[in-house]
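Protein chains in written order, with the working numbering: chain F, 1 to 300; chain G, 1001 to 1300.
Fair warning: there could be bad hints in the mix.
DEER-style ranges, computed between Cβ atoms [to be verified]:
#, chain 1, residue 1, chain 2, residue 2, range
1, F, 99, G, 1143, 36 to 44 angstroms
2, F, 184, G, 1265, 42 to 50 angstroms
3, G, 1017, F, 180, 55 to 63 angstroms
4, F, 99, G, 1132, 45 to 53 angstroms
5, F, 152, G, 1280, 52 to 60 angstroms
6, F, 176, G, 1228, 51 to 59 angstroms
7, F, 203, G, 1285, 49 to 57 angstroms
8, G, 1268, F, 245, 36 to 44 angstroms
9, F, 227, G, 1281, 53 to 61 angstroms
10, G, 1020, F, 152, 22 to 30 angstroms
Hint data in this document are derived by calculation from the structure and do not stem from the laboratory. As the structure is a prediction and not an experimental result, all values here were calculated from the model. For glycine and all other residues, C-beta sits at the position ideal for the given N, C-alpha and C.
2 protein chains.
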Amino acid sequence: MIARKIELFVPIITPFAPDLSLDTERFVAHAKALIVSGADGLAPFGTTSEANSISVRERMAALEALIDNGIHPSQLIPGTGCCAAVDTITLSAHATKLGCRGVLMLPPFFYKGMSDEGVFNAYAQVIDAVGSDLRVYLYHIPQMSGVPITLNLIERLLAVYPSIIAGLKDSSGSWENTASVISAFPYIDTYSASESLIPENVAAGGAGCISASLNVNPAGIRALIDGLNGPNHQALYEQVSAVRKVFESLPLVPAIKAAVAQQRSDPGYARVRPPFVELAAENADTISEVVLLAGSQTPQ
Amino acid sequence: MIARKIELFVPIITPFAPDLSLDTERFVAHAKALIVSGADGLAPFGTTSEANSISVRERMAALEALIDNGIHPSQLIPGTGCCAAVDTITLSAHATKLGCRGVLMLPPFFYKGMSDEGVFNAYAQVIDAVGSDLRVYLYHIPQMSGVPITLNLIERLLAVYPSIIAGLKDSSGSWENTASVISAFPYIDTYSASESLIPENVAAGGAGCISASLNVNPAGIRALIDGLNGPNHQALYEQVSAVRKVFESLPLVPAIKAAVAQQRSDPGYARVRPPFVELAAENADTISEVVLLAGSQTPQ
């Protein structure tokens, strides 16, 4: 098994102002709190970040704001995969130029039933345009994208771009799939999307976790990673599982934002862009419960 | 039943140059040929047009090229629905300002399982930003978007925006769904996505058809519409069905482009952007067959 550091990257929520423009101040404040609380880095503009509801320009400005306010580029793996290659290229080149560790890249996701050859061509087109400094983390989330990252596709990409394909985030929820990826490609960083899979991920030689609930429970998940071989590992696992279980009963993105709002005593964090709807007030008690389980965030 | 003109709008393919940039010259030539051959208008930047592989800027420039070259704005219903509202607003405002008859608007399509309330909010956000000159044709294509346009959603939108919601294109393939829409909302223009449903669509009070195969068989489909009540209607239906049937055995977008390339004796029309792959050479005979069935396009 490859010796590697296990890491936690947060798919950080994107706060919005009352007019639904991007709220950079709250974004930066939350980002810093997450790093202080134990995250190794951030994966902004993922699914939990409502990335696909945010324009190319807004994403670039927000990424620059993080770096300008003290998040080191090596701690950043922004999402850059759009439907149109020119947008993916623009975002990926921008992140690469800023020195980001890499980019988390969705395949083009409107068309379904595409061949591995077609999806390979889509990645190749972006990689060839951005150049050799790019590091790509493939984003497998078939339940949203409808376009899976197959083992065959990874193999083809690694054969042509061995120094550029750096890893994969498996948001499919299938441990079997994650295990296949780690086993077939042990040298790339394979992240699970749920902290509930951390023990399996680490034991199999994976790279850690990029999970929505890291927005709310970074210290708990950090403690689990650090204590995996310690005497309290079962209790630590139970804490993160209890938090996660509450979220599983609610619409995930609005619920994560509502919990951050309550943790930070700032209702502004709860706002979402359509097609999401802000969490209904009737769920306030459930959110209080999850915040109690997770504890407060490190204040800034 | 409402008296209405039955119309054919072509979801026109988007030709690309060898470097995969948008090929405006071929785009305009094909557009004009389609109008001359019997189409009432064009619905550029739909699914067949590879719209979601084309950037906002490219789409705006290409739409202007059509108008600058003699396609009347009243003949144009461009697709404008993107994942990010700001992009949808930019495209819809641009088309509206140019005087286009309306826009064909996908819902934001990355997130799945969204509530009707959330999708309503997404449309409302765009409509409110563009203003009262906008005319929206809702685009129901759940097999690609993953976000259906439900009867409840249409009802909510019509209640608030009765003069803006102008119609719907039903690409679901379900005649039952189309019939429900026409029956519940007889005053809006409801288009089928397959010419095979033209007889049902017209009999039920629908508005006609926006079909991929109109790129290849505009004269045949025009003849069917014009001859629906004539003595040859069965033969006309068989001609369009025979053409359609060939396409159903192939990857649709690459096959349509290959057929246009053969009809126009110009292989440049066959190019696709990833994630599509150009039709394999082994299908050339099948394409010849469909071109023979459809006949040549009116030369320009």
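Going down the list of hints, with the structure as the test:
Judged by the Cβ atoms, the range 36 to 44 angstroms given for residue 99/F and residue 1143/G holds: they are separated by roughly 41 angstroms. For residue 184/F paired with residue 1265/G, a C-beta distance near 47 angstroms keeps the hint of 42 to 50 angstroms intact. Between residue 1017/G and residue 180/F the beta carbon distance is about 40 angstroms. The supplied range of 55 to 63 angstroms is therefore violated. For residue 99/F and residue 1132/G, the Cβ-Cβ distance of about 47 angstroms falls inside the hinted range of 45 to 53 angstroms, so the restraint holds.
Here the CB-CB span from residue 152/F to residue 1280/G is close to 18 angstroms, at odds with the stated 52 to 60 angstroms. For residue 176/F and residue 1228/G, the Cβ-Cβ distance of about 54 angstroms falls inside the hinted range of 51 to 59 angstroms, so the restraint holds. Distance hint for residue 203/F and residue 1285/G: a CB-CB separation of about 54 angstroms, consistent with the stated range 49 to 57 angstroms. Evaluation of the 36 to 44 angstroms hint for residue 1268/G and residue 245/F yields a failure: the beta carbon distance comes to about 56 angstroms.
Residue 227/F and residue 1281/G have their C-beta atoms about 59 angstroms apart, which keeps the hinted 53 to 61 angstroms range intact. For the pair residue 1020/G and residue 152/F, the supplied restraint of 22 to 30 angstroms holds, since their beta-carbon distance comes to about 24 angstroms.
This entry does not satisfy hints 3, 5 and 8, going by the numbered hints stated previously.
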